[in-house]
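**Student:** Line order of the protein sequences matches chains A, B and C. Using my numbering, the first residue of the first sequence is number 1, and each one after it goes up by one. Using my numbering, the first residue of the second sequence is number 224, and each one after it goes up by one. Using my numbering, the first residue of the third sequence is number 452, and each one after it goes up by one.
Bear in mind the hints are in silico, worked out from the structure with no lab data behind them. All C-beta atoms, glycine included, are put in the ideal place defined by N, C-alpha and C. Mixed in with the good hints, there may be bad ones.
Said to hold, decoys possible - Facing chain A, from chain B, some residues (calculated, C-beta under 7 Å): (1) GLU294; (2) ARG299; (3) GLY300; (4) HIS307; (5) LEU310; (6) TYR355.
To be verified - Chain A regions said to be covered by chain B (calculated; three or more residues, Cβ under 8 Å): (7) 12 to 21; (8) 71 to 85.
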Amino acid sequence: MSVLSALLRKELRLELRTFESVPGMVLFSVTIFVVFHFGLDRASVEGDLAAGILVVTLLFAGMLGLNRLYVADEEQGGFDGFLLAPVDRTWLFVAKATALFAYLVALEIVMVPAFAFLLLGPGLGQALPELLVVLALVNGGFAIIAALVGAIAVRTRARDLLGPLIALPLLVPVVIAGAELLQPLLREGGGGGLEAKWLAILGLYDLVFGLLSVAVFDPLLED
Amino acid sequence: MTTAIELDGLGRAYGERTALAGVTLSLPAGRTLVVFGPNGAGKSTLLRILATLLRPTTGTARVLGSELPREAWRVRGRIGLLGHDPLLYRELSARENLRYHARLHGVAPARVEALLDAVGLGLRADDPISTYSRGMVQRAAAARAVLHDPELLLLDEPRANLDPAAAEALEPLLAGTPDRPRTRVVTSHDPAGGLAEADVALGLRGGRPVLLAPAAEVTVAQVGALYR
Amino acid sequence: MYGKGLRGLSVATIITLVGAFALVFFYAPNDRDQGFIQKIFYLHVPMAIVALGGFVAGGLLAIQHLRTRDPKWDLRSYVAIHISIILAVGVLVTGSIWAKGSWGHWWLWDEPTLVSFLIVFLLYATYTPMRFAIEDRERQARYASVFAITAGAFVPLNFAAVRMAEAYTHPRVLSTTGGAMPGDMRLTFMVAIVGMILLFITLYRFELATKHARGRLRSLRRQLTGDDAPVPRRTAAPTI
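Sequences are here, hints too, so could you generate the full structure?
**Tutor:** This is the structure:
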């Protein structure tokens, strides 16, 4: 556990020192909203269109985060330094997933209000608690897959391309479930509660891939 | 006296390319093995295997009583590595880097402070590594390597970026204490200096051992012949 | 060693496939609504089932590889995935033809099988480039195994999610009779599935035998020429 805290402190300290991930993700997402406005020629969106835009933007910003996640370790010998320590290597996965989760939360703190401001027709008020639950589960899925795929991609050539190419299909169920859950929330008079079956799918996805990643992560770090 | 390292036919192949093959030797605890050889001879490969960072593809290795790679987890905390890569994050300071490694190894923060002073980085400890000279980086890396007081120290050309004075200052840190000397494996391109500090000399060429003898029986010329 | 029984297997496969072909054209009934084009179902669905099985098998073989670190498991996983990718393309093509024939559109977002296979294909399409991007053979095999296990677990989950997404809005479009299959259809379908499974196994063992033979040839050549043997090109395929 102290290993996790040591890893996390290092991750967050590096991010705060270099600002390599979060500001880029924030700027990118706000720009995407502007692009969507022009691309769709809509001044305001709601319901399924709003849900789609929000989830897809979050997804693409998450891909930016994925690309940066292991770069410092790969380029500055962080892997070897960690591998030499007498600790369970799975903690690295947990730390990376937690860090990306934190970056996504930081992103959403800016991105969601920006979305409400720029594109969203109905207000967010009543739906806010449910929105947070959905985003938490979606962030979890993104973070788990990014932490796994990032480790695969970082030591290959064309890593910035391969990472998202592998991660995006894997994340389709998360996009489906996230959009389905957000749809009613982003409608006028939203906040009608969350559909159980999609919550179940999202929760199951996070659980299955969380456990699976923990099981297969070790062989990625050898040599 | 216990044996620190026992290798039998140790080798590492990458597909059809053999980086290392047929290394058999036995090194008692507290002794120093110096590995000579031109670039690409397999010195770094050998070191990485001993550091548990690389799995051998042939042969066996017993380090500090545990068989690699099966029991690598047992000895990881007792081995230190100082290679070409300082293994430090450039945007963090020396103190932050060392504290991070200390937490990973379960070492008290006080030791970090002691080592920072020992390598002469006390005043600049809070500046990012990216602002350090190469000599300072090497000293910080050396501090990282011995932070957890390892029984076995693996050194890949440790004096590469240091002036003679700094190298001198580092020596006691790397050597351990007289009553508990560290077992060391050092790679070197300096025949005279290397032999002077060695108990056993190993010469590699093309991944294979062509020279293996107590250092006292090896001449500088023999080491030089490896490079031709 | 790998070629044993291959001839018998090939013959059995050809017989079964020809038999299925005959049944499809001469025995199975014409669908009332969709007409003759519906018969592509006997190709499309068995391919889908076998491809899914192949992807999951690729994941299971990869687990064996990570457990034993024996490269032969990696080769088997690679071949299983390889063939399944080809079958997946077949699923997409036959599904598309079926859609065009029955509904007039080349693509149907409402058909969960088709959509799931598109996603699965997009995922596995990265398998070979990923392998190719890693030069070290042992690391390539290891990473490929992690990929195969993750993707293998993903396939059923993805299927369920996509199916659920379409369930309430659109019923299964490219289905037949929706429910129980009449006897003559079921027989044809069963034979088609058995034929497809046999085809997979035959192709699988054939490719393994070829790779094995090539590996033996290479190692013999190396033994004869010694250090003058040409350095092998980078490759995405595992070599024994």
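**Student:** Within the stretch 71 to 85 of chain A, is the number of residues with a Cβ closer than 8 Å to a Cβ of chain B three or more?
**Tutor:** Since three or more residues must qualify, the claim that chain B covers the stretch 71 to 85 of chain A holds, with 10 doing so at under 8 Å.
**Student:** How about B:LEU310: closest beta carbon in chain A under 7 Å, or not?
**Tutor:** holds (4 Å)
**Student:** Given a cut of 7 Å on the nearest C-beta pair, is the interface hint for B:HIS307 held or broken against chain A?
**Tutor:** Not OK, violated: B:HIS307 not within 7 Å of chain A, min 9 Å.
**Student:** Can the hint on B:ARG299 be confirmed by a CB-to-CB distance to chain A that is less than 7 Å?
**Tutor:** holds (4 Å)
**Student:** For the stretch 12 to 21 of chain A, does the count of residues with a C-beta closer than 8 Å to a C-beta of chain B reach 3?
**Tutor:** Result for this restraint: holds, n = 4.
**Student:** Does the interface hint hold: is B:TYR355 within less than 7 Å of chain A, judged Cβ to Cβ?
**Tutor:** violated (13 Å)
**Student:** Given B:GLU294 as an interface hint, is the shortest Cβ-Cβ distance to chain A below 7 Å?
**Tutor:** Violated, about 12 Å.
**Student:** With a cut-off of 7 Å on the beta carbons, see whether B:GLY300 makes it to chain A.
**Tutor:** Hint on B:GLY300: holds, closest Cβ of chain A at ~3 Å, below 7 Å.
Violation of the numbered hints given earlier is confined to hints 1, 4, 6; the remaining hints are satisfied by the structure.
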